[in-house]
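Participant: Under the working numbering, the letters of the sequence shown match residues 1 to 171, in that order.
Hints were generated in silico from the structure; no laboratory data involved.
Bear in mind that the values here come from a model prediction, so they are computed numbers and not experimental data.
Relax, there's no trap hidden among the hints.
Taking CB as the label site, the calculated pair distances span:
1) Thr61 - Asn41: 14 to 24 Å
2) Gln34 - Gly71: 17 to 27 Å
3) Thr73 - Met156: 30 to 40 Å
4) Thr73 - Gly151: 27 to 37 Å
5) Ala16 - Asn149: 31 to 41 Å
6) Lys154 - Arg82: 12 to 22 Å
7) Arg82 - Lys148: 17 to 27 Å
8) Ala165 - Gln72: 29 to 39 Å
9) Tyr69 - Arg141: 21 to 31 Å
Ideal Cβ positions, reconstructed from N, Cα and C, are used throughout, including at glycine.
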Amino acid sequence: MTNESVSNVTDHASPAVILQQVPCDHPDFLTLCQELDRFLNRAIGGEDKREKYKKFNVLATMDHVVLAYDGQTAVGCAALRRYSEQEVEVKRVFVRKSYRGRNIGGQMLSHLITQAEKMGFQYMLLETGEFLSASVRLYQRYGFEQIKNYGAYKDMPESLCMGRALTVSPI
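Assemble the whole structure, with the sequences as input and the hints as a guide.
Facilitator: Have a look at this one:
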C-alpha cells in the first residue's frame, strides 16, 4: 500500500483537512492509536478494564488506514478490517481533542464507507461503548444503528455494537 492523498476535505468551521491513506505501520497512525488508548483508559477508569479488548485492535490486521492531516500534523485516524467475506469492521476512529467538533471524524467515516463499498463489502460493523456518546451520535449520523453484539463482543454487556448496509455498485 502506498501513501496517497485521498481527498481534500473542507468544511466551513475549519481550514482544509487532507485525508491520506497510509500503511497500518505508519508512525502517525501508531501515535494516534496510542493517544486513543490513553483516552479510552481514562474514560473507563484504567487500562486493566480494557485488557480484554486489546486483541481486537491489533494494528497489523488493519486493511485500510486513513489519517486526517492539518498541514503536516496528523489530527485523526480511522481504519477498516475485513470481518468476513461480506462484512468489514470500522476500527480505531479517533480525532485529537483540539480538533473535535469540526466533522473530521465524519469526513473519515464517509471515506471509509466509500472505500468499503469500492472493496465490495455489503455491510459495516463496529464496536463502541455507550459512554462514548459523541461517537455513537457520529455513527448514527452516517446510518449506523445498534445491532446485537457480534463475535467476540457477544458476552460484553459494556460493548455497544452498530452496523449499516452498504451500497455495492455492480462493476
